[in-house]
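Participant: Chain by chain, the residues run as shown.
Protein chains: 2
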Amino acid sequence: MHFADRLTEAMKKKNSVVCVGLDPQLSKLPAVLLDKMKGQYGATTSAAANAYLEFNKNIIDAVKDLVVAVKPQLAFYEELGHEGIRAFEETCRYAHAAGLIVIADGKRNDIGSTAEAYARGFLGKVDLFGEKKSIQEIDALTVNAYLGIDGVRPFIKVCEEEGKGIFILVKTSNPSSGDVQDRVTADEKISVAQLIGHFVESWGSDCIGESGYSCVGAVVGATYPAEAAKLRKLMPTSIFLVPGYGAQGAGAEDTKPCFDAKGLGALVVSARGIIFAEDPRAAAQAMKEELNKVR
Amino acid sequence: MHFADRLTEAMKKKNSVVCVGLDPQLSKLPAVLLDKMKGQYGATTSAAANAYLEFNKNIIDAVKDLVVAVKPQLAFYEELGHEGIRAFEETCRYAHAAGLIVIADGKRNDIGSTAEAYARGFLGKVDLFGEKKSIQEIDALTVNAYLGIDGVRPFIKVCEEEGKGIFILVKTSNPSSGDVQDRVTADEKISVAQLIGHFVESWGSDCIGESGYSCVGAVVGATYPAEAAKLRKLMPTSIFLVPGYGAQGAGAEDTKPCFDAKGLGALVVSARGIIFAEDPRAAAQAMKEELNKVR
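For the protein sequence lines, the chains are X and A, in the order given. In terms of the numbering used here, the first sequence has 46 at position 46, counting the first letter as 1, and numbering is strictly consecutive. In terms of the numbering used here, the second sequence has 268 at position 268, counting the first letter as 1, and numbering is strictly consecutive.
Do not rely on the hints blindly, as some may be mistaken.
Note that the list lumps identical chains together, so a pair holds whenever it fits in one copy or between two copies.
Said to hold, decoys possible - Result set (BS3-like, lysine-lysine): computed pairs, CA atoms no more than 25 Å apart in a straight line:
#1 K133 to K36
#2 K125 to K38
#3 K14 to K157
#4 K28 to K132
#5 K189 to K64
#6 K233 to K38
#7 K38 to K132
#8 K28 to K125
#9 K28 to K133
#10 K57 to K14
Treat the hints as calculated values from the structure; they're not laboratory data. Remember, it's a predicted structure, so these values are computed and weren't measured experimentally.
Construct the complete structure from the given sequences, taking the supplied hints into account.
Facilitator: Structure (structure tokens):
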């Protein structure tokens, strides 16, 4: 089934547009969990990775009926080397089994032949000695389009074949996102973010599902609502993945421009605000309700 | 010791500016190696990863006195999941032990707090239950600056602390690199690639080594020599990491604008052209000599 249709259906069924960022950090995990893993595996990457996995499973169990998707941030797993990647993989499988859509936040980018390897590994199938196997259980990946269409096409091809999705960085949520993204181009008189927005809309035009949305989504930060409103108009067939809510400073009202007229078409992410909350379930519930009020 | 100084010293000592891309692909590996690993581990990611590692070790042994650095492309290892990352890690350690500089090609990018995790994991030290440990043996990482300075600062901080380097994507070697990178900005009347070039030069200005080069280098493709010439002038203190030679179409002459007046300041990469050559050592030797003729 088409990625955008699966995502849209899950939003409707759960009456939720919440995505939980699974961004574990050792210094913020419960002491009892850390002590247990350190006792079992020593002060190793293996202990840390197992702590991440158990922490993630608890979060997933707590929020799975309230949220649509999880978004593990690859940086935090890669920090622990191959043991971290193992924890990432098992987290994705566990989230999938819990009925959640899994978005890997890797912001991957490279030239065509290399992007093919990323696309196969994260979203498609890898040829292992003549047998095609899925390595990961991931529904979508974030992608950086600085290299142009060559670096994005391999991902779209796999998305079409496998019912997967990508979210291309358009306007990111961080304070310095304007350094490059807000520059105005001399020919088109639009920002670089808007230029990439045009690309996103065009690149996704051949893979639009029944929901009216394509398999090529866009990352648009809630911290720049005026820009988000322009981008929403410019990309009517792209689902927005919206970071910036909560710990990064944006409120529910700021996410409003990201939604379409039906209150769909955007998935809002919170990581620290949920996973490190005293009661993650209550935090997810509160976020769900706040967003439902504005969309 | 400062990264740029280590790199420059190695170039002088070996009289070489060659970097070998370690981009293994299962379909291109020797049948005898594949049969051996498949026999031992079955048709698994473990078998493939072990094949990559043994293949890489053979390449490193063959070329280590002729080349300055190796550049494993993370996509090809990530394609095999955590087993691939294990092979990547062991490849980096083996290359380091062979006296080579190791550049991880990951083109990583994210907001500040997340970029910190990438910086710690790839280039710095990770706090594991109160003990600071290096997870990888990597000298430099490629970085995508689409998110602006927030996403780059954490890398530079670790570079300064640990004597490591980054190479920021400026003008990439692929055919569609112009989609974004060649757009001209309305205010500065320069291309987006040149804009990022200015950033690179400015961001590196506080970490210039005795060689005159900073810890912030630039990726500049050999496939666009006219653009490279402009970028060389614009970034006098940045070492260029130069893809595009060989299989991607650029010849030795095309790399010329990337070098400084002393024939230094640029490291030229070839992957497929060396590692899949019938005689990788002969291919590396030929590339070394061709480049030495023009620089």
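Participant: Does each hint hold? Answer for all of them.
Facilitator: The hints, checked one at a time:
1. K133 to K36: between (35 Å within a copy, 20 Å between copies)
2. K125 to K38: between (35 Å within a copy, 18 Å between copies)
3. K14 to K157: The answer is neither: 29 Å in one copy and 43 Å across copies each exceed 25 Å.
4. K28 to K132: Result: close only across copies, 16 Å inter versus 39 Å intra.
5. K189 to K64: neither (44 Å within a copy, 50 Å between copies)
6. K233 to K38: Close neither inside one copy (51 Å) nor across copies (52 Å); limit 25 Å.
7. K38 to K132: between (38 Å within a copy, 15 Å between copies)
8. K28 to K125: between (35 Å within a copy, 18 Å between copies)
9. K28 to K133: between (36 Å within a copy, 18 Å between copies)
10. K57 to K14: Answer is within; shortest intra-copy Cα gap is 20 Å, inter-copy 51 Å.
Comparing the model with each numbered hint stated earlier shows that hints 3, 5 and 6 do not hold.
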